[in-house]
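A.B. asks: Chains as they are written, first to last, in numbering that gives the first Met the number 0: chain A, 0 to 140; chain B, 0 to 140; chain C, 0 to 140; chain D, 0 to 140.
These are calculated hints, taken from the structure and not from any lab test. Don't take each hint at face value.
Repeated chains share a single entry, so a pair holds when one copy, or any two copies, can fit it.
As the list claims (entries may be wrong) - Taking lysine to any residue pairs in the SDA-like style, the calculated list, with each CA pair at most 25 Å apart, reads: (1) K11 with N77; (2) K135 with T6; (3) K111 with E98; (4) K111 with E79; (5) K111 with A40; (6) K135 with A50; (7) K135 with L72; (8) K99 with R24; (9) K111 with P126; (10) K11 with A40; (11) K135 with V82; (12) K135 with F10; (13) K111 with M80; (14) K111 with T45; (15) K111 with R95; (16) K111 with V82; (17) K11 with R125; (18) K135 with R46; (19) K1 with L96; (20) K111 with Y74; (21) K1 with T101; (22) K1 with P17; (23) K99 with G110; (24) K111 with G81; (25) K1 with G51; (26) K135 with G52.
Quantities reported herein were computed from a predicted structural model and do not represent experimental measurements.
Protein chains: 4
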Amino acid sequence: MKPSIATEGEFKGWEYWPEEAFESRAGPFYRMIDEEGVIGAFRAETRHMNAGGSVHGGCLMTFADFMLFSIALDYFRNGEMGVTLTCNNEFVDAARLGEKLTSRGEVVRAGKSIIFVRGTIYAEDRPCLSFSGSIKRFLAR
Amino acid sequence: MKPSIATEGEFKGWEYWPEEAFESRAGPFYRMIDEEGVIGAFRAETRHMNAGGSVHGGCLMTFADFMLFSIALDYFRNGEMGVTLTCNNEFVDAARLGEKLTSRGEVVRAGKSIIFVRGTIYAEDRPCLSFSGSIKRFLAR
Amino acid sequence: MKPSIATEGEFKGWEYWPEEAFESRAGPFYRMIDEEGVIGAFRAETRHMNAGGSVHGGCLMTFADFMLFSIALDYFRNGEMGVTLTCNNEFVDAARLGEKLTSRGEVVRAGKSIIFVRGTIYAEDRPCLSFSGSIKRFLAR
Amino acid sequence: MKPSIATEGEFKGWEYWPEEAFESRAGPFYRMIDEEGVIGAFRAETRHMNAGGSVHGGCLMTFADFMLFSIALDYFRNGEMGVTLTCNNEFVDAARLGEKLTSRGEVVRAGKSIIFVRGTIYAEDRPCLSFSGSIKRFLAR
Numbered sequence: 000m001k002p003s004i005a006t007e008g009e010f011k012g013w014e015y016w017p018e019e020a021f022e023s024r025a026g027p028f029y030r031m032i033d034e035e036g037v038i039g040a041f042r043a044e045t046r047h048m049n050a051g052g053s054v055h056g057g058c059l060m061t062f063a064d065f066m067l068f069s070i071a072l073d074y075f076r077n078g079e080m081g082v083t084l085t086c087n088n089e090f091v092d093a094a095r096l097g098e099k100l101t102s103r104g105e106v107v108r109a110g111k112s113i114i115f116v117r118g119t120i121y122a123e124d125r126p127c128l129s130f131s132g133s134i135k136r137f138l139a140r
Numbered sequence: 000m001k002p003s004i005a006t007e008g009e010f011k012g013w014e015y016w017p018e019e020a021f022e023s024r025a026g027p028f029y030r031m032i033d034e035e036g037v038i039g040a041f042r043a044e045t046r047h048m049n050a051g052g053s054v055h056g057g058c059l060m061t062f063a064d065f066m067l068f069s070i071a072l073d074y075f076r077n078g079e080m081g082v083t084l085t086c087n088n089e090f091v092d093a094a095r096l097g098e099k100l101t102s103r104g105e106v107v108r109a110g111k112s113i114i115f116v117r118g119t120i121y122a123e124d125r126p127c128l129s130f131s132g133s134i135k136r137f138l139a140r
Numbered sequence: 000m001k002p003s004i005a006t007e008g009e010f011k012g013w014e015y016w017p018e019e020a021f022e023s024r025a026g027p028f029y030r031m032i033d034e035e036g037v038i039g040a041f042r043a044e045t046r047h048m049n050a051g052g053s054v055h056g057g058c059l060m061t062f063a064d065f066m067l068f069s070i071a072l073d074y075f076r077n078g079e080m081g082v083t084l085t086c087n088n089e090f091v092d093a094a095r096l097g098e099k100l101t102s103r104g105e106v107v108r109a110g111k112s113i114i115f116v117r118g119t120i121y122a123e124d125r126p127c128l129s130f131s132g133s134i135k136r137f138l139a140r
Numbered sequence: 000m001k002p003s004i005a006t007e008g009e010f011k012g013w014e015y016w017p018e019e020a021f022e023s024r025a026g027p028f029y030r031m032i033d034e035e036g037v038i039g040a041f042r043a044e045t046r047h048m049n050a051g052g053s054v055h056g057g058c059l060m061t062f063a064d065f066m067l068f069s070i071a072l073d074y075f076r077n078g079e080m081g082v083t084l085t086c087n088n089e090f091v092d093a094a095r096l097g098e099k100l101t102s103r104g105e106v107v108r109a110g111k112s113i114i115f116v117r118g119t120i121y122a123e124d125r126p127c128l129s130f131s132g133s134i135k136r137f138l139a140r
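With these hints in hand, go ahead and build the complete structure from the sequences.
C.D. replies: Below, the structure written as structure tokens:
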């Protein structure tokens, strides 16, 4: 699925996927490639918060799921898609309202049928979520 | 935090937490206690979907995070709150638009500082997410 | 691979796999089917301990890996074998020297290519490890 | 607990913990600090194998548990010890007889009560296990 390019706001020029209904509503989350590789980002707003005043764990895990695919994107072959098989999350610190959330990671191994990915979400410069996951490849009909 | 009670719709009479900004937006998700214990539920609508036509993994993981606390709720002591430390997710099947999602689980152990929980999300009667997690207790100020 | 049957000791009559070099050395671990389904077991001896006087986490995780296959065994088709893809472990309590360790669990879903399993290890009657994992099926050559 | 120093063999000069009964039997596993930081290692021998001719998953997870502590070692305060709370493992490739297994990783965050660690085990130069875990600190009596 082709991304759209944000035409305004803080993430102008970044990729995003407006047809992703839940992801757009939960985020939206943005992706770019810079000199260090893939980076994802969003700004923590009131709608991302939990009742305790931190970014909700579900919001962070949704961003992590977005990152699994953002990181693995160039490893898919022509006509291939993927579904998340597993996603493990360790909440190492809280993220606060107004902070810029970014994420980077790596493909640990791109196997024939499964791609293994892991990464970190940062709240400004503090690690706040460590995640790892596996994606099952399949041929889109 | 005291829940509200839904006054209309499919989950009339169930508890929900409207002050939870992200959770309300991602769900809302509902909780009830029946003869088998705690049950959580929501109905998969268009806003919960991914671009592939299934309920988004982030939506399921947000519901899982909601369930960790819903299941552990009665194990918190007076004045105690909790934060998610870890949440592991295995996506065993896809959930489709219009399906009723429910979830049940159990406290594996409520330790002095950490509560361990696990459970399953069902799409109608099919298991679609197996989750486990740990919650750190702390005294609310 | 066909199991052997223990002919003496506490687990006389139970199945075990002596060709599994590491598992035999780490355990050995035993399997049986009773009226509640598959059960695994071993007795915590000095060789299973860590320096803190509890059963070593690696011993418990090896037993968990043994259980993933013990629980999934009857779900393999003719000529099929499996490899562990993922194994998540939550150490909810310590197990002590001399305790009987047992384990039960369930197949959450046996998919076409992947089997999802989870279970619990008990030290006497206390849960001490909660585990979940996925096994990839493949045809043995 | 003070390590011993290997006085012979391939890992001469490396640290190891002979009082760790299970770990010694499962491994032994070795630790060193080089210019890139902490490294762990062992050589895959027949006793580490499963019946399929690969290093047993339980052996790799035991090495991962050893690495959680090896990586976190310098983060413990005076008189502090740790117990593994969680350990997640993704088996990304098989390790074979005779291969040198090494591992590196990082402390994602050393919190007041919990240390979060993750790393990779390599079979020669191929990643074979991606692991992450959390260690609970406590004061040794």
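A.B. asks: If a hint holds in the structure, say so; if it doesn't, say that too.
C.D. replies: Results for each hint:
no. : hint           : verdict
1   : K11 with N77   : neither (28 Å within a copy, 47 Å between copies)
2   : K135 with T6   : neither (32 Å within a copy, 41 Å between copies)
3   : K111 with E98  : between (38 Å within a copy, 23 Å between copies)
4   : K111 with E79  : both (12 Å within a copy, 19 Å between copies)
5   : K111 with A40  : neither (29 Å within a copy, 28 Å between copies)
6   : K135 with A50  : between (35 Å within a copy, 16 Å between copies)
7   : K135 with L72  : both (13 Å within a copy, 23 Å between copies)
8   : K99 with R24   : both (18 Å within a copy, 20 Å between copies)
9   : K111 with P126 : between (31 Å within a copy, 15 Å between copies)
10  : K11 with A40   : within (12 Å within a copy, 37 Å between copies)
11  : K135 with V82  : both (5 Å within a copy, 15 Å between copies)
12  : K135 with F10  : neither (30 Å within a copy, 34 Å between copies)
13  : K111 with M80  : both (13 Å within a copy, 18 Å between copies)
14  : K111 with T45  : neither (41 Å within a copy, 28 Å between copies)
15  : K111 with R95  : between (39 Å within a copy, 19 Å between copies)
16  : K111 with V82  : both (14 Å within a copy, 15 Å between copies)
17  : K11 with R125  : within (24 Å within a copy, 38 Å between copies)
18  : K135 with R46  : between (31 Å within a copy, 24 Å between copies)
19  : K1 with L96    : between (31 Å within a copy, 23 Å between copies)
20  : K111 with Y74  : both (11 Å within a copy, 24 Å between copies)
21  : K1 with T101   : within (22 Å within a copy, 33 Å between copies)
22  : K1 with P17    : within (10 Å within a copy, 35 Å between copies)
23  : K99 with G110  : between (33 Å within a copy, 21 Å between copies)
24  : K111 with G81  : both (12 Å within a copy, 16 Å between copies)
25  : K1 with G51    : between (36 Å within a copy, 13 Å between copies)
26  : K135 with G52  : between (35 Å within a copy, 17 Å between copies)
In this structure, the hints that do not hold are numbers 1, 2, 5, 12 and 14, in rising order.
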